[in-house]
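Need the complex rebuilt from these two chains, each delivered in its own frame; the hints are there to steer you.
If you're matching them up, the sequences are chains A and B in order.
In this text, residue positions in the first sequence follow our numbering: the first is 1319, and each later residue adds one.
In this text, residue positions in the second sequence follow our numbering: the first is 11, and each later residue adds one.
In short, the hints are calculated from the structure, not lab data.
For glycine and all other residues, C-beta sits at the position ideal for the given N, C-alpha and C.
Label pairs and their in silico Cβ distance ranges:
| no. | chain 1 | residue 1 | chain 2 | residue 2 | range |
| --- | --- | --- | --- | --- | --- |
| 1 | B | D288 | A | E1584 | 45 to 55 Å |
| 2 | A | S1658 | B | A127 | 38 to 48 Å |
| 3 | B | N279 | A | A1514 | 51 to 61 Å |
| 4 | A | R1468 | B | R316 | 35 to 45 Å |
Some but not every residue of chain B turned toward chain A, in silico, with C-beta under 10 Å:
| no. | residue |
| --- | --- |
| 5 | R325 |
| 6 | A549 |
| 7 | V551 |
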Amino acid sequence: MSKPALVIVGAGMAGTAAAYAAVSAGAAVTLVYDRAGATALTSGALDLEPWDAPLSFEHAKHERDAGRDAELTAFLAALGFYRRGAAEPKSTCVVATASGVVRSAFGADQALLDLSPLAGKRIAVADVERDDWDAPLLAKTLAVSAWAERTGTSFVPVALGLLRSGHERRIAPYDFAALHDEEARRRSLAEAIEAAPGVADAWLFGPWLGLEPSTVTALRAVVPLPLGETLSPLGGPAGARFEGARDRLLQAHGVAVVHARVTRVEARGPRFALALDADAGGAEARELEAAAVVLATGGVGAGGVTFTWSRPGVVSGFELPISAPVALALDGETLGGGGSLYGPSLEVLGLGALERVGIACDRLGRPVGTNSPQSGLFVAGDAVAGRPRTMLEAALAGLAAGNVAVRG
Amino acid sequence: MEDAFPAPAGGAQAAGDAPDVDVIVIGGGVNGTGVARDAALRGLKVALFERHDLAFGASGNSSGMIHGGPRYLTTDPDVTYSSCLDSGHIQRIAPHLLFRIPFLVPVFAETELHAEATLATYDAFFDVYDRYQPLKRGKPHLRLTGDEMTALEPGLAAGARGGVTFDEWGIDGARLCVANAVDAIEHGSEVHVHTTVTELLRREDGSVHGVRFRQRIDGTSGTRTARLVVNATGAWAPITAALGGLPGDAARVRPGKGVHVFLDRRLTNYAVMANAIDGRQVFLMPWQNVSVLGTTDDDYYGDLDRVVATGDEVRYLFEAVARVFPSIWQARAIGTWGGVRPTLYEWGPNEDALSREHGIVDHAAHGADGLYSMLGGKLASYRQFAEEMTDVVAKRLGVAARCQTHVAPLPGGDETVDPMQLVVAGGMEAVTATRLEYRHGGRALRVLERMLKEPREAAVVCPCEPVTEAEIRYTVAHELARTVDDVSRRTRLGLGVCGGARCAARCGRIVAEMTGRSPRDGLTLAHGFLAGAARKRAAAVGPDQARQEALALASLRAELGRAPSGAEPRQEDPDYEAWR
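Next comes chain B alone, as it looks inside the complex (with noise of 0.2 Å):
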């Protein structure tokens, strides 16, 4: 076992004591992580603690862009305003999680008439975003011809009649979470994933000093005290609030589900806008290896442990797209990503028209002092919304540092590798290393350090995306990596065609060894890691996955079988005899 991470302390503190830390923040997702890095970095002394894994909800299952917004031109020019400088700050601090997507918007009217008062529409929206695209270096966006349009994207319905392009920038939303959770832990923080607040502490005077905890793996529990709480749960956020006993308004979300579907490969070179059935729109977009589908929007009455995609939302995001792209059908759907915005309280409008803002909820409203609640935000303004949140804490706490997170690089962002120094230096083949650097930037240098120290280390371990085993076992002794799932939202290990069949079994039990557990123990990590898997996809199955599926369910069988942890025969099994 390497690297150790040792749990808190269990003791719970005598009244009077000083507390165990400046600042408890609840909920490793974007805003959490962004906070406990801001406040480390302003010299505050942090404890997080996340249910889950990092990134888990909204911010690991977004579309995975810190766009500019321009959906919230017209209604909350605000948003738009400081989403698009937030991504310009997000961009210096982590230069190798970004990646361009230029987006094509085709027009389909029925006449040329029709179409030129769309385009000519959409060309004056796009000057208007234009003034803000500067702000994270986006390009003007362009008009263009039916004929410019299909020759960039051959793959379009026939008739476009034009189009116009805009420019935004996609992300891990996953690494961002980590390269945030390992910049405070750097700072100085205590970082606890898996583990789950079970009570908020409070004094006589109804004031908040602390938070009872239990960690889900090893099943220990404790407490930790502190002069503030920060509660940054996301949608889960009226939940964590319910756990020191406010009442059911006091941090109120209205939970939208959002899901994406993705497809085994890069369909097109652009992202494509089209319109759904209701008039949303949705888009197909290159990301990362795959494509992406998305988005829906709906009220969301589910667990929030447990978010899936249905059939029928996976449906209404193909018909929508099928209509500028036809080709779609033909595509081959190899998993889902659903994830719940918290998004703010407010009864009455649809989903699409509820805005975007966020907020933070001083609960000494509620009588519960020294909690604040984090409610609303997006992704592209998490820092943002971090840096308002540290603010009002620093100011509580009488430090008077500045916020530096707009300026200070992210873990792996400071320094820039060629992909082709990996290469020549760890025998990696071009694609293996160029996902390693994207995903750890200067940082792809430690893992290579890693091989060349234990040359076992290069194996591929996931075929698929590539990942090594030197980047799984880098993902445990650093990046908190605790089952196989968490391998997989850092490194995407067992997201690709064979949907981790190949890989599963292998990295659980890496992450097994490195974690103290029984190898058999690794087994029962991928065996949950496939059944979740498996579950996500079984909504988007077209013709070819099916067979896929159906071949991968006996070879599963073949290699894992029924409960791997113990390769027990039940009684009745007609082996059973033979077995003893």
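Here chain A stands alone, though its shape is the one from the complex (with noise of 0.2 Å):
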């Protein structure tokens, strides 16, 4: 194997952002990663800083310039996620849930309805019998919402026979989505849309508009109303649109993807060398080489950093899976050097913790908190400590990861 001048750890949404971005700048990009994160459970929806707690994060912002803008947008789109409108700030989409609630999001998943253009409209809401959407009662949710109330939008449920079997009506989103990928399953729901009764503006479909983003796009094109599903629950089709994108988009732009487990990222000189594991696949246990390194590791949900709880006279509490010059730190405080023999004491400090826990980082995304910070290595996503966890902010730090990565 070459050695590749950047190396990236982690392929969600920031890892794959600073791929994008590296290899836009001309590195030679490897990319290692080793199962799926937070990124492949996304609801779809994308956002900078967390819809319900916007102001609970000190520093949420990106100090962005213009460029940066640009190629957020065109790898947004490269990825299948739309804006309405480029313009900042003001051009958000609107989704909704299966749960009924309708919010904003700076953008979403190309398969999503975006509401914003149908304000005042009415949208029939597929009454699929599924176990697990409830049209009569989403439709009924929906109409009520502030959104909605404002400005005057319908929604109806209309009966849409798109069951085959008494089966699929328990199967999970993802797997009923998966269907839909099939051409004659796509051309009959096609055709059940077609045949419906009433009149609407739109149709709002739940998770279900296929694990491949072109299932959308050829029912678009058969189809004259908008539709679109609702945000994904965790483990939906949209993280595995996600997943599919990214591969492509990795593919398309020549970054060398290795699939194994980084156990180890050490400097040496004015390099760095990583360690991976053996893998499944029958791969040795190897090194790479790099001149840089972007750890996209993810937070606690991904595995990026471990929490444990184990037994007495093992120092216990939250921990960097891989060996690295790097340290953790939660609200500001670096951790380690004990202080507590059971770990951190998660009912005083709240579940949240478990989203602000992460490597110390400075505003560009360089390990502070060590004795011998080393240049070269950058964090981006929810790795980094005290960082909302939102796919642009994973995005944002990403491209700017990797663009600081290759230019310095």
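Structure follows, in structure tokens:
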């Protein structure tokens, strides 16, 4: 294997963005990852700040230059995320959840229904008799949302016979979505919409419109009305669509992808050595060399930071599962050095601590809090302590890290 | 809105009028609902007031056993006797709610001689306990070798030199309270949930003749008068007595907090006993769909309305059980529950040495004739305690009718239903049918009826437990559920591995719809449930669950977001302008 200039660890939103930026800047990039993280479980909404707590993070905003915004837009488009208009910051999407919440988002997965152009219209909620979907109740809830009441938008359930068996009533949304990647099922879905009674201006579906981004595109080509999904639940099709789009993007941009687990990142002079575990595919344990490294390994949810709660005598708490010259921090304090025999007390910190813990970094994603900070090492996405756990944050941090890692 | 429950008439009665009811019972735990049912079966008119929900306190947060109390055998054999006897009665009246839990007591002594001595002691002890077992159809104990113990429970720590078994019964305490309350209603009682008593009404001579109340959901208030008032509020008993201006020691209890941790599945086939660091006995037991780790017993000075397990209590239990069942460290805790025992007041003894006896206080002694307090007691002998209380009430009111509660079946206990019948008739999956039948006994057929009438209601809303929409609607229509928490207490909805992430929002909207509220109120109910459940889980979160929690935070944020009742961005929100 050649000696790549930049190695990125992690293939979620942050890692993918870093790879995109670095390749665009002309670097040779290798992306190493082991398993799915939080991005693979995305709802499909693209937020900059946590939607429920925009003010809880002190420095949520990135310093973005104009060039970065164009880069962001191009990157998101390449991934199949759309935005309504490109002009910052007022042009947002409006999306709905299966629980009947209507809310704004910076952008959204292409397959979601953007309600913003549909204000004041009549929207059909596909009444499909799945166990996890109650269209009449959902329509009723959406109709009394603040947005619908303000804009005079109505929601009506319209029966749509999409199920082929009782089994399909109970399978996971992911599996039901996969069915519509088949052309025959997609065609009969389009026919069912056409045959449905009543006049509506758009169709709102559950998260069922394919694991492939092309499925919804094909549907839209034959159905004259706007159609799309609600947000995906944990493990729904939006995550699968992200993964598909990511794989195509990495391939198109010539990023070398290695499926392995990184166990150690170590500075060797001005360069870095990464130890890779043997993998299930039969590859031996080996090392990679890099001029620069981006850690985009995720937070607690992805397994990028672990929480151990072990036997007496074993120091426990938050840990980074890979060995690297970085320090973990929580709420501005560097972790480690003892203080608690049994680990941090989550009932005191609150479960939100699981979203705040991460690698201590400066504003540019460079690790701090260790005795020997390494130039050339960057961190992005949920792996960073105290940054919002959002898709857009990860994308921006990834783009920034990819750029800085290459251009210095 | 269906099956609306009218609020009690609010008009205060003029002096000299006949009282509204014969007896007012305050408290919707097992003692209060037990008394309400007993009195109603004897033909008395009863009104019950519960500040929160049925089984909100100790009744719904106990170990979930009607055990015979072998713990009390040496100090309080009367408690053991009455527990075993009443356990037998409860089996007769609610057979669907009981499930057998065989216990293993492993012995890990250092030497064979030590083990032999310990086993001989256990053997002799349980020989005595066995004499009580027939009262509750319990099987006699067995003495087993170390190999036999390991064969029964392969997860036991190495080195068991032997052990004994003994036999107990599990029960869902919340279902027991609900069954008692429903039967009381069907015999003419009023049951007011989420209705707090704000004052005990007293005449000039000091006697108590009614209550002032406030409905906590809609804020309405009023008064209700009665010939007698029974304070069955468990650990809240002194607070309730104070509402009538009674002295602080009139209805004193010594509140003892007990917490349990529950884990995501049945980890063992048998319940396993272990010794904690202070020598107390704790256990790990398979219970319904989960495993339960319990329990602590500590004096409690906190807020009774917000009892939450702490990390050190959880750790104490894990450390104890890990000595006999080491893989507990890899198990996944998905929640805790905490309750406060209303133990009889005594200054001095440590918590474990306190009596589990119960007693009735006639507050005539405090100048408040007509008011009685039920203090102490335990789940296993609630029926006996309720009978004693109702005997006092009946005698006082000149009612000759005898107690029926030891023979008259509770709702659902009068008829057996084969879960397969539900599978065939309703198209339910077997596990759904089995759980439904467990909770409702013969009345599972009524839930089935709903599904047959409205096939949509067959939808499984909570896939973890599982719970169907029909059952949710049934608990609102017929079992007084008013919030997602209430439905959860009755069905275990939202108490599985996903912590309600998949079902709470839908359940909230169903409850809201049936009680005449907006779907937005339903989302608020869901938020309340999810926040409460997260608070109860936080102390017990381990490595795997930590990942789940972090993902669930993101997922719930995406799904429900901030203030779901309005879904309104704040002015500072960057999206605010676009929103407008």
